[in-house]
Amino acid sequence: MSWIHFFILVPILFSVFIPILYKIFPRIHTGWFVLSIPIVLFIYFLQQVPSVMNQEPVLHTLSWISSLGIDFSVYLDGLGLLFSLIITGIGSLVILYSIYYMSKEREALHNFYVYLMLFMSSMLGVVLSDNVIVLYVFWEITSISSFLLIAYWYQRKGSRYGAQKSMLITIFGGLSMLAGFLLLSIVTDTFSIQAMIGMREEIFHHSLFLPAMLLILLGAFTKSAQFPFHIWLPDAMEAPTPISAYLHSATMVKAGIYLVARFTPIFGGATEWMWAVSICGLVTLFWGSFLAVKQTDLKALLAYSTVSQLGMIMSLLGVGSMALYPGTEEASILLSTAILAALFHLINHATFKGSLFMIVGIIDLETGTRDIRRLGGLMSIMPISFTITVIGGLSMAGLPPFNGFLSKEMFFTGMLNAAESIGSWTTLFPYVAWLASVFTFVYSLIIILKTFAGSYQPEKLDKKPAEPPVGMLIPPIILASFVVVFFFFPNTLSYTVLEPAMQSILPFLLNTGEQFHVHITAFHGWNMELLMTIGVVLFGTILFFTLKKWSAIYDHLPEKLNINDLYNAGLSGMEKFSSKIIDLHMTGYVRDYLVYLFTFVIVLIGSSALHFQVFSFHFQGNGPIEIYEIVLVVVMVLAALYVILSTSRVMAVIAVGAVGYMLSLFFVILRAPDLALTQLVVETITTTLFALCLIYLPKLKKEISRVRVKVTNLLIAIGVGLIFTLIGLSVQGHRLLPPISHYFEDAYELAGAKNMVNAILVDFRGYDTMFEVIVLLIAGLGVFTLIKLRPTSREEKE
Amino acid sequence: MKFSNVMLETATKIIIFIVLTFSTYLFFAGHHNPGGGFIGGLVMTAAIVLFYMTFDVVTAREVIPVNFRKIGAFGALIAVTTGVGSFLFDVPFLTQSFTYVDLPLFGETELATSLLFDVGVFLAVIGSVMTIILSISEDV
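So the protein sequences, as listed, match chains A and B.
The first sequence runs contiguously to residue 798 in the working numbering.
The second sequence runs contiguously to residue 140 in the working numbering.
Be aware that a few hints might be false.
Below, in silico cross-link-like pairs of lysine-lysine (DSS-like), each with a Cα-Cα straight-line distance of 25 Å or less [unchecked claim]: (1) A:Lys460 to A:Lys548; (2) A:Lys23 to B:Lys13; (3) A:Lys788 to B:Lys13; (4) A:Lys460 to A:Lys580.
Not the full set, but computed from the structure, chain B residues with beta-carbon under 7 Å of chain A [unchecked claim]: (5) Met7; (6) Leu8; (7) Thr12; (8) Ala46; (9) Leu77; (10) Ile78; (11) Ala79; (12) Gln96; (13) Ser128.
One-sided excerpt, in silico: chain A residues whose CB lies under 7 Å from chain B [as the list claims (entries may be wrong)]: (14) Ser579; (15) Val643; (16) Ile644.
Because the hints were derived from the structure by calculation, they are not lab data.
Note that beta-carbon positions come from the ideal geometry of N, C-alpha and C, so glycine has one too.
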């Protein structure tokens, strides 16, 4: 176990103490305690920057389920470090912000921060794990923590709807990603991503290449809200604003981007990969920016904007992956700038979108609304917020002197390079990119001007707005200052973080020993990119001021293609379908269920036994039958007969218990004391349990049922009895597999136990016992929940 | 429904200690003789159930003021944590170990980590089974 494993798990470990701290210090905002965690982690990851820059990345392995090849192995390279820095850096700022956003009097802070810490650990795990199964586990934990955080205000219907939607879509994607991972591991016989990258040639020529690629992409696209899976992200905005800023714009939604970047060395260079990623990205970019313009809720607007920006990064990764395409050596360096642009924009997006989200949260708190139709003229009332919004908004629009300008220019460069060197349909890419940028410019202007300029409408606001407390402004100010700093000094970033990250996405592009040399400059002369930006500004301004005239086109969008409606219809359709099926066979009568069960037993076991011809009887090796064994059998048969003929339920149960006790006597005779003991005790407990249940049942009456039912029951009873008797008699005649008992014969040396049965239980097969215990506990809690927490008893309580 | 059965009550008062002692014995004997956490737990459950059946629920609650759900969860937690504990020694999950220690009074005694695991099983069994039985029996 190395430090890095520990640091990944620190947030989860710390979350154990959060409820305690919340209880002990009710007067101190719990966020202050939590804040220390991401700051420490951020400093730790910053310290790793020099070593990642200069050395080969190292694989730190912590054995977990080594026998299956599943180990918690951590691979800290440029890409993982870049993401880790974003996760912990933005995380620190968001937690600081949340201290002011979340009221300590009204909110269940302990839940909030536990979920948040759960998320932080799992997100770090996603970007640092080298083992795909571990990555998958962390990936799903991010989905679950996102679900919990979206549903944080679970009293609201919208929150529950949004949480469920995000959960269904992202977990669906996660499962298909798992399937893709499994296909890859079938091809390569390993779970390690780095080992898979080493075997990329085999993967490339394997017939499972395409299915694995598509399945993994499905995971990436659902997580990163790519078209047509983007529908969950706007609904996820029901979460508290710090969560929207953190999970749903800066980190979790970028897990898909991470996945695409991480698997580029394996799949990149395949034309299918390039087309799938870049076209999906561009469609998302355009559709998101187009829909963002029509939104009236600031958070929904930012959500669509995030969708669109994620599409932009995705399309860059798609185009850049062509650098690995065989035969494009001369263009590959040119195309690799697209990867650089993607990484750079990833950071920039986290800074400007984070600050914008925080400002929207502030506006929401201060005015009581996020509706741009009610806002306006806040410029003079909230000057600091206004300044931050201008910085963030113009950066998003792609204007200098902000970092968004640099990455937007690089985006245009990447698309132009693609059009030039790949040709065919990619010649359309710059046009789509430009058009989407125009809409991006328009909605950036909407955020800035509709909120802060125009006429102030105090009568429409619930509260009298003012600047929030300083502490709440500090995080967006820090982010906004990064927006400016990165414009003037982009290369501090490129030497330290971007170059190693590029190295890990495109590991085979350069000869060994070489490094990427990245130098970002703001002004390249009057080239195509700059002209495109000027065009965006001109055209965007016109569109913004004529918004009223052309916004009618949104009403003419085809109704039937609304993906949200499709989702809702699909969901309710599935609900109806499954409830129909359930109504069909769930009659509510235990005897019906027993009929199903036993029929299946007869059909499955009986037919397979006949098919494999297992029935064979050899009695020659059996020991002699003693007189007391015959006595036991006679007693058992009598007790069983008594069960059938008894008129009292309690007596029947006791008779069943007698059968069990006789059985345990058999265990004693056959020298299995552990089994005998267990059988005795279990029989005692179950008889008690039965007796308790039977108190509530009506008196046993002579049953009057139709002949047909009786005959069926008789047939089933005879069938089950017959099959088990035959199997019991045939067991001796078969030895399908070699006995495993010799494995346990060394119990005393291996486990220090003279009782082999118990050595197996707690030592050799400890896993089984552990899960059995957990299953038992779940069953216990299940009974408790069913009986004690029924809706009726809840009503009675109220 | 409160009913008194003097013979049952008197007998229970004596029997219960025998059963409890036996269950403790079974629990510790498990390593070398028949017994162990599961059986020990079930025998102890049987003792508690006997107590509940002889005396009424209110009295039993007063005498045994524990929440069996918590006991069960605590037991499962112990079982899982002993497994996680093996990570500290860089061995696979749930690896057990044992050693021989010279203790005063007992002489040379074997100490095994599987005992800790068995404590978890023991508690989880008691907690879960008692939860089931009490939930059903109190459901009037």
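Going through the hints against the structure:
1. A:Lys460 to A:Lys548: 21 Å, holds
2. A:Lys23 to B:Lys13: Answer violated: A:Lys23 to B:Lys13 is near 42 Å, above 25 Å.
3. A:Lys788 to B:Lys13: Violated. A:Lys788 to B:Lys13 sits at ~30 Å, over the 25 Å cutoff.
4. A:Lys460 to A:Lys580: This hinted pair is violated, its Cα atoms lying about 48 Å apart.
5. Met7: 19 Å, violated
6. Leu8: Because about 14 Å separates B:Leu8 from the closest Cβ in chain A, which is outside the 7 Å limit, the hint is violated.
7. Thr12: Status violated, d = 14 Å.
8. Ala46: Constraint on B:Ala46 satisfied, holds at 5 Å.
9. Leu77: Nearest chain A Cβ about 10 Å off; hint violated.
10. Ile78: Violated - the Cβ of B:Ile78 stays beyond 7 Å from chain A, reaching only about 10 Å at its closest.
11. Ala79: 5 Å, holds
12. Gln96: 5 Å, holds
13. Ser128: Holds: closest Cβ of chain A sits about 3 Å from B:Ser128, inside 7 Å.
14. Ser579: Where the cut-off is 7 Å and the nearest Cβ of chain B is about 27 Å from A:Ser579, the hint is violated.
15. Val643: 21 Å, violated
16. Ile644: Constraint on A:Ile644 not satisfied, violated at 25 Å.
This entry does not satisfy hints 2, 3, 4, 5, 6, 7, 9, 10, 14, 15 and 16, going by the numbered hints stated previously.
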